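**Q** Whole structure, please, built from the sequences with the hints as guidance.
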Amino acid sequence: MTRVVTTRRKSLNTAFAWGVGLLIFFPILWTILTSFKTEAQAIASPPLFLNFNWTLENYAIVQERSDYMRFLWNSVIIAGGSTLLGVIIAVPAAWAMAFVPSKRTKDILLWMLSTKMLPAVGVLYPIYLLFIRLGLLDTRGGLVVVLMLINLPIIVWMLYTYFREIPGEILEAARMDGATLKEEILYVLTPMAIPGIASTVLLNFILAWNEAFWTLNLTAVDAAPLTAFIASYSSPEGLFFAKLSAASTMAIAPILILGWFSQKQLVRGLTFGAVK
Amino acid sequence: MYLKHALRAATALTFVATAAAHAQSITIATVNNGDMIRMQGYTDKFTEATGVEVEWVTLEENVLRQRVTTDITTKGGQFDIMTIGMYETPIWGANGWLVPLDGLSEEYDVGDILPAMSGGLSHDGTLYAAPFYGESSMIMYRTDLMEKAGMEMPEAPSWQFIKEAAAAMTDRDADINGICLRGKAGWGEGGAFITAMSNSFGARWFDEDWKPQFDQPEWSDTLNFYVEMMTESGPAGYATNGFNENLSLFQQGKCGMWIDATVAASFVTNPDDSTVADSVGFALAPDTGLGKRSNWLWAWALAIPAGTQQEDAAKQFIEWATSKDYIELVAENEGWANVPPGARSSLYENPEYQKVPFAKMTLDSILSADPNNPTVKPVPYVGIQFAAIPEFAGIATQVSQEFSAVYAGQQTVEEALAKAQAFTAEEMEAAGY
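Top line first, the protein sequences correspond to chains A and B.
Position 144, counted from 1, in the first sequence is what my numbering calls 144; the numbers after and before it change by one each time, with no gaps.
Position 97, counted from 1, in the second sequence is what my numbering calls 97; the numbers after and before it change by one each time, with no gaps.
Think of the hints as simulated: they come from the structure by calculation, not from any bench.
Nothing false has been slipped in among the hints.
Per the computed footprint, the stretches of chain A lying under chain B, defined by three or more beta-carbons under 8 Å from a beta-carbon of chain B, are:
| hint | stretch |
| --- | --- |
| 1 | 41-50 |
| 2 | 122-129 |
| 3 | 132-143 |
| 4 | 216-229 |
| 5 | 232-242 |
Pairwise CB distance ranges, derived in the manner of DEER restraints:
| hint | chain 1 | residue 1 | chain 2 | residue 2 | range |
| --- | --- | --- | --- | --- | --- |
| 6 | A | 213 | B | 42 | 24 to 34 Å |
| 7 | B | 45 | A | 18 | 46 to 56 Å |
| 8 | B | 115 | A | 80 | 48 to 58 Å |
| 9 | A | 46 | B | 373 | 40 to 50 Å |
| 10 | A | 20 | B | 377 | 50 to 60 Å |
No experiment lies behind these values; they were computed from the predicted model shown.
In this text, a Cβ means the ideal position worked out from N, Cα and C, and glycines have one as well.
**A** Shown next, in the form of structure tokens:
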């Protein structure tokens, strides 16, 4: 009897989870479907789900109009660079906060997080002027630094949480065996925190990839990433949904594939320490 | 022998390097619309003729506006040419942020630009931006539904006629709405429409002393008329409909009439996208007999930000892109219906272009719009669907949100107007008017 109930419950849970999953995925699915419609089919009422004349016309137009590879390469450099730089800075910071806390550590952590509460547009002009002075406008280097700074609080917080789960005694043992601070972080702490670091890297890569305010405002031609590529297909006058959907699908495809292949690592990292 | 080869290679490289160093390149920020995208396709012709390379930054209208405003106010120098509208040009020109477009060549024939366009893109008589295309607004209607309703559209109808025709054309069972109009919040969306409509009802944003006028009966008349007509004959959820939503409804045969930008005429008559392409008629935007119609005037224009290092090349490009030759180039390759409209008088004198079904009505609409005298009563500002002052965009966005709340049934006309009056008065006082 108990077994029957458990199986039914399991099935219900599975069905519910699939339902929620599909609901969350539906906008992406709709975007992908729309990218294969004509502009007239994209706005048809009632909406067409699968019964339309599939076309690759929008992808051809987007390919012809835009240099997709240039935008993609910029996205990879900016998202990858900012994440890498962020992790290099955040690992020692999180180590210090987790293993050598002071009485102000919690305050510092909260203060770091509070910087995320400021609306980005509030600092647009100071940052823009700074970029003009430093010659960083429309450069990938400038965006790497800005996105790293924006995401740094999240990286530090995530790593801090993971590091707190690692027993301090292990690091102490390493120290007693003569490990220097650098060796302790590089050879003892980092390997143990790999799942946490991996999920932090993935999450921040996705955040940097999707960042649209700074990447649109601080770039023009040379450093414009995929967010600028998408923005160029929205129009105030005229039908654009199908072409915009094609551009969006091309922009999210790499990150979707990356997320798909690394979902195991991502889930493992995100639930690290959640269940004891 | 080796030395000879090496010297030759070095000389060749020097030539290449010198040529590269001398190759000029300009960056243009522009909006994503059909005419602008088409122009990007012809850029190679300009480069072939002049040797000037062109880089395009295409953005959505609101993003473009924010992007170019940030750049020009901080002298960022990211763009050599900016695509701006009639709202920004006189303000930026007055601030000295734009290069005056004087000294244009004789062949360019600056006098050929429609006076309404050059007037709206100038400050103190100096042209600061060259119109790439211009538009007004007009009525687009279904000739078959009008006939079925037993009515005939006059060339210059009144609002009362439009209201009656809308009611007669509405067929809720067949999902046909007599009229589709913008209701979406935003100064360039529903705000632009209701401001232009209010002009024909005798309303105005400010009196001669810059005092807001939302407490006057003309505004109440405008809003009450609009809400009554849309409730009776408009589509469900019209409070969130803008240009694209109404375009989609009209193309699917769900609107009897649509009053919007003249540029929409080419979309609704295009059989590839529109199911009603062969039964669309055009008429002037309606009035109430007070002497002003409810059509607006707008142009997307090319301007050069002050401080650019490529002023000559930028001017060269603007001359090419807004020239008579460019219009002919597009006509030759894509037909007269696809040339950028509304900028040059000569286009409307061309017998080939006169055959385009919406050409005459577009010109008549543009000619009947006067941004310097937009309202029945005198006003201190320039602009029909906007007042060309820096504070307008912020104020009008807020006011249009209040109006959209009325359309959505969240508040009454009186409440919205009272809030609009209080908010605008406060903002204008804070701005020192």
